[in-house]
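Peer 1: This is what each chain is made of:
There are 6 protein chains.
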Amino acid sequence: MMLPTCRIKIINGNTCQPMTANINASAQAVKFPHTEIVTVHPQTGPESIESFYDEYLAIPGILEQIILDADSDAFILACWGDPGLEAAREITSKPVVGIAEASLYMANMLAAKWSVVTTLHRVRDMVEKTIQKTGLTERCASVRTTTLAVLDTEQDRTATLKVLIEASQLAIKADGAEAICLGCAGMSGLEQQLEDHLGVPVIDAVAAAVKMAESLVSLGKTTSKRLTYRFPELKTIKGYKPHFQAKNF
Amino acid sequence: MMLPTCRIKIINGNTCQPMTANINASAQAVKFPHTEIVTVHPQTGPESIESFYDEYLAIPGILEQIILDADSDAFILACWGDPGLEAAREITSKPVVGIAEASLYMANMLAAKWSVVTTLHRVRDMVEKTIQKTGLTERCASVRTTTLAVLDTEQDRTATLKVLIEASQLAIKADGAEAICLGCAGMSGLEQQLEDHLGVPVIDAVAAAVKMAESLVSLGKTTSKRLTYRFPELKTIKGYKPHFQAKNF
Amino acid sequence: MMLPTCRIKIINGNTCQPMTANINASAQAVKFPHTEIVTVHPQTGPESIESFYDEYLAIPGILEQIILDADSDAFILACWGDPGLEAAREITSKPVVGIAEASLYMANMLAAKWSVVTTLHRVRDMVEKTIQKTGLTERCASVRTTTLAVLDTEQDRTATLKVLIEASQLAIKADGAEAICLGCAGMSGLEQQLEDHLGVPVIDAVAAAVKMAESLVSLGKTTSKRLTYRFPELKTIKGYKPHFQAKNF
Amino acid sequence: MMLPTCRIKIINGNTCQPMTANINASAQAVKFPHTEIVTVHPQTGPESIESFYDEYLAIPGILEQIILDADSDAFILACWGDPGLEAAREITSKPVVGIAEASLYMANMLAAKWSVVTTLHRVRDMVEKTIQKTGLTERCASVRTTTLAVLDTEQDRTATLKVLIEASQLAIKADGAEAICLGCAGMSGLEQQLEDHLGVPVIDAVAAAVKMAESLVSLGKTTSKRLTYRFPELKTIKGYKPHFQAKNF
Amino acid sequence: MMLPTCRIKIINGNTCQPMTANINASAQAVKFPHTEIVTVHPQTGPESIESFYDEYLAIPGILEQIILDADSDAFILACWGDPGLEAAREITSKPVVGIAEASLYMANMLAAKWSVVTTLHRVRDMVEKTIQKTGLTERCASVRTTTLAVLDTEQDRTATLKVLIEASQLAIKADGAEAICLGCAGMSGLEQQLEDHLGVPVIDAVAAAVKMAESLVSLGKTTSKRLTYRFPELKTIKGYKPHFQAKNF
Amino acid sequence: MMLPTCRIKIINGNTCQPMTANINASAQAVKFPHTEIVTVHPQTGPESIESFYDEYLAIPGILEQIILDADSDAFILACWGDPGLEAAREITSKPVVGIAEASLYMANMLAAKWSVVTTLHRVRDMVEKTIQKTGLTERCASVRTTTLAVLDTEQDRTATLKVLIEASQLAIKADGAEAICLGCAGMSGLEQQLEDHLGVPVIDAVAAAVKMAESLVSLGKTTSKRLTYRFPELKTIKGYKPHFQAKNF
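Residue numbers (the working numbering), protein chains in the order written: chain A, 1304 to 1552; chain B, 1304 to 1552; chain C, 1304 to 1552; chain D, 1304 to 1552; chain E, 1304 to 1552; chain F, 1304 to 1552.
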């Protein structure tokens, strides 16, 4: 049987081209043959997301990538924090997967307790809120933040790996983690080295999301339009291009 | 003793001028004499907020009202949902009060259990998430959504009152609410009529927030810059005016 | 690129052959081409699982199907209740997916709130405990039990569909469900008819689990052996065949 | 506009006159000009509250200060633990504010996570229960108890400050607190020195409660008499003065 | 083997002699032969407890019954609400059992979910807080309040039984209760008739507490004096008789 | 008054005869004179329970001990983890008590916070799930696992005591435990030495369960057959002896 092509659009949450390339490489490496991956980043927004401010400025551009798309079968929001996820589900009936939630589901199937290892200390509250929105707080052993800025994760892979190993080992030994979720799309591609070093499953969130999106498309599932994720009401929206109007979706 | 003037800027979350006027009237009516209230709305964003999509498109414009401000002693986010509240706290050290949280604190001091009565059914999930972020889910008797669009609340006050009375009575009789929080800034000004009718405290969120902001300014309190609400890191932000750069705050 | 074959063994939790056949049909219908599905049932245990007693008598036979297997790349426990899931993860390092958890993760990606519609009223507590173990209680709108015995679901598909429609409509209208999880492997195959009728996503747990297992195998993930899911200690076990001894795994 | 006078009665929970004086000084320093503050302590009860036993013996005397009052517009219970708060709300329809809850609401508006720094180690359970009654347990980073007896806090301010600094620094560094709530009325007046030293917001609970009470009075709010806080039923009460009878309120 | 006598003092929480007699009768009927039961009520406090106000006025008199006692091996607080339980545990090292907690533990061993059926509607919040303090909120199907005043339960047993049957049937049919806890000491003695009528276990809280107290004494267990339940600090206590001073315990 | 004999059957969860003897000795030492204790172990299953796998293999044999019993008035499941507790309650209407739950109820009456000190590190997740099923997670200060295998606890009492002292002291000093629950039936008999050493209540779970069972029998209580714990449906069960059929109970 030939599978129909499944086209997945991955939207890097920030406007940093090298990270888009890295995410794309990770996704291409794990996709099934019948899947076509297109990885983009927004035309507007910060080059990295490390604060609530960054996140909120990124979201309109992220949503625009869905609005302007006519061909994809599913969307992936590739920023750990799943920025704008609920809104994305409102403006399309195609499945939308956040990399954070995808990685947590996968961790939940491999370990009794897991930790999220991530970037700057200041994002702790954001990460905790993301886990809570997904609903899996009870299974989380800890959130381990580090001194890594998002862009650092791309630029110095050796140093990044070293910091991730240290933080993960603390999560395992002090907090009882039995698996590690990498809490930033920029860390994608380091999971195998980490896993080899740590001896516990390490989840790359981008890879996890590709699999979840392929799964949903394969089953023909679409987002519920029953209530919360209905298409937005038609209304005047100032200062945004016309395609942001609901009637144009 | 003469009190120094306390300047509070209220930011209506949406771009609907009549609602800005209504919010302003409510705020002016309850402020202390030494308080100066300025009510604005964003230059960009939807005319009403009734979905996650609306909310995320509104936030950059809301934040801009803080960034461009040099004189205010405190800010109020006047949209029940407290859109962008964490980001607002990052970009200023002045106190920022969300009208949702303010109304919940006030309800908590007047009643053992309270309900939130609000607009369209589709916002239930948004409202529940707002309550959960504030931390007060356990004290909430119920969220009662209605058929009221946000702009309806301004345009037909009689019909709005009628719908609010019905929903509130259900909250009181069926859900055990002992006070009512009005879950939309557009309902501001109806609280007294409702309270007279229902016989339980009815909290106007705008009024509650004005009092909280006056309180914080009066005590000289500022937002913690210790970790979560630090000023955002300096970085390139595409597609936004220069004043959105962190260095320009 | 040719994908290496992925062999997934699905273990129907009970000893009812027609249900095994039905589960197998559902799984074969949704698997990717490179996946090979083998569906079995235990050699010991009850013909249906409708009580904690049934479940506990079924588990040794379920585990035996893993112990005796040398070739599979992943296992699926096909009984909503995920019976023996933690033990299954102890006795193999291959991924083990429960159909209950798989369906909940999938529902979580499609809807803000979902309900589980299932068999006899007496299983309510079992179902609630299953959801709680997965960690997703907060996202659950309701558990709707019915008058359907497990074996009924196989024998009279028309009547089963009718009961499921009624229960699902109550979940949607009274409880706020925006998607439905079918809470019994015997209901597998009815999801499309139900979805067409209800207008909200309906998740077949068997299909969801096949996709999750394919995903985990595709990424090369294995169960964490760090602590909770370590192989059992070697010890004398009375009254079980020799292959139940840990040294023989 | 001249504001009508707002008369607030603050009830120090214990019978220690110097603490009453200290509380009064703090309150007078932060009140608005139109507010009149009267600070009292009960005629019966322990000189300090450091156990559940102390607290329960204090409550009748605290309530008596409300019963005997005819003129106040609001009441403040000035003991962190908000002793008798629900009963106080039953016996008057005037707003009653507990200093614990007031400080937590204020902390919630200034920081993502806060800690309570308080007196003797034995009060940990009392403090945790107080936070839980308010509903804000999830926002609490930690409770840090010390070797400070309540009366110590008044008598040796330098030593008290030193202990509070140490405990607060642990809360900030080890527990992730981004603001500090002073968990005893006796610590009132030290908040500014602490804040200067620590660099995070420090909330004096007495000051916070004065602002909350002024706010509620200013908005004309009264306690809900719908159910939980109804006036007590009329009945025989042995061993208490006649004014404790409900008919005499 | 002859068992040493176990002397248990039951303290009716209110000052209503007929209820003391009824409680005593229930306790005498279920005690083991070697147990000696003495049932008393406080010398001060309200004749019934139906509000937080009543409860707080009752507690000093309840505690006095422990302070003045030299001979008992254990104490039972016989008012559903366990008034002053933590303080009681501070002032003695003998075991202290609350009838509410005792009944919940017993219900937990007999049923997956149980409801509390109790007196006036206004006590709902008190009852919910009692359950939460014990820690068993998750196992509670519902709290069903009624029109029964506490003293009614003693005076018209037929009418009381009728009301309890109605409320219990609602709890069973609408809320999923599988056992009923009688939420007032005044209902003691009706459990068998109710159980016969309803067909589910009905727990008399007084009987449950007698058994728990006998159990603790039999095992030689005493209250932990490690931290929370230490004896109160010695201090001046105004307006109470000298035996209330900690040094006199 | 002569009490009728109360016959309690204690079922050691594993097939280790010396542990059965030890459990029996502990039970005989604390039972009331009118109680008759019979302690058995299953005919099938592992010699010790230290994993989910061990637990699930033990349960059929545990349940068989109830099925084959005609004379007992109550059953005790003597393995901390309460293996098969819900199923046991389905197959008899006699009270069934788990030693884990019994010990937690008792701890709850003696201390504000308690810890469970138990065997191998790998059982942490099992122990946490047991506490959560009982409903008392919030009162738990910590779970302290050790290097003790279950059979070690019987074989080297001196070494076992040493390890328990160390773990308990950590629970008390680092985690705030005010009482200790011994989390393994094999530790039964060490509680008094531990209590003498630690100065806080130490609960032997077997003794606690004997008291709970005596209490339930004495009050004539039986398990609710309303819904969850109904007798199992009659059905074919393969590979089990005929007495496992529901019709033969």
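Warning: the hint list may mix true and false statements.
Since the list gives no way to pick one copy over another, a pair counts as held whenever it fits inside one copy or between any two copies.
In the DSSO-like style, the derived pairs of lysine-lysine whose C-alpha atoms are separated by at most 30 Å in a straight line are [what the hints assert, rightly or not]: (1) LYS1334 with LYS1550; (2) LYS1334 with LYS1544; (3) LYS1476 with LYS1334; (4) LYS1476 with LYS1528; (5) LYS1334 with LYS1465; (6) LYS1528 with LYS1544; (7) LYS1544 with LYS1476; (8) LYS1432 with LYS1476; (9) LYS1544 with LYS1465; (10) LYS1541 with LYS1476; (11) LYS1528 with LYS1550; (12) LYS1541 with LYS1528; (13) LYS1334 with LYS1528; (14) LYS1465 with LYS1528; (15) LYS1465 with LYS1432; (16) LYS1550 with LYS1476.
Don't read these hints as lab results, they were simulated from the structure.
Peer 1: All hints, please: hold or fail.
Peer 2: Hints versus structure:
no. : hint                 : in the structure
1   : LYS1334 with LYS1550 : neither (34 Å within a copy, 37 Å between copies)
2   : LYS1334 with LYS1544 : neither (34 Å within a copy, 38 Å between copies)
3   : LYS1476 with LYS1334 : neither (33 Å within a copy, 39 Å between copies)
4   : LYS1476 with LYS1528 : between (44 Å within a copy, 14 Å between copies)
5   : LYS1334 with LYS1465 : within (28 Å within a copy, 39 Å between copies)
6   : LYS1528 with LYS1544 : within (25 Å within a copy, 35 Å between copies)
7   : LYS1544 with LYS1476 : neither (51 Å within a copy, 37 Å between copies)
8   : LYS1432 with LYS1476 : both (24 Å within a copy, 21 Å between copies)
9   : LYS1544 with LYS1465 : neither (44 Å within a copy, 38 Å between copies)
10  : LYS1541 with LYS1476 : neither (52 Å within a copy, 35 Å between copies)
11  : LYS1528 with LYS1550 : within (16 Å within a copy, 42 Å between copies)
12  : LYS1541 with LYS1528 : within (26 Å within a copy, 32 Å between copies)
13  : LYS1334 with LYS1528 : both (28 Å within a copy, 27 Å between copies)
14  : LYS1465 with LYS1528 : between (45 Å within a copy, 23 Å between copies)
15  : LYS1465 with LYS1432 : within (27 Å within a copy, 35 Å between copies)
16  : LYS1550 with LYS1476 : between (53 Å within a copy, 28 Å between copies)
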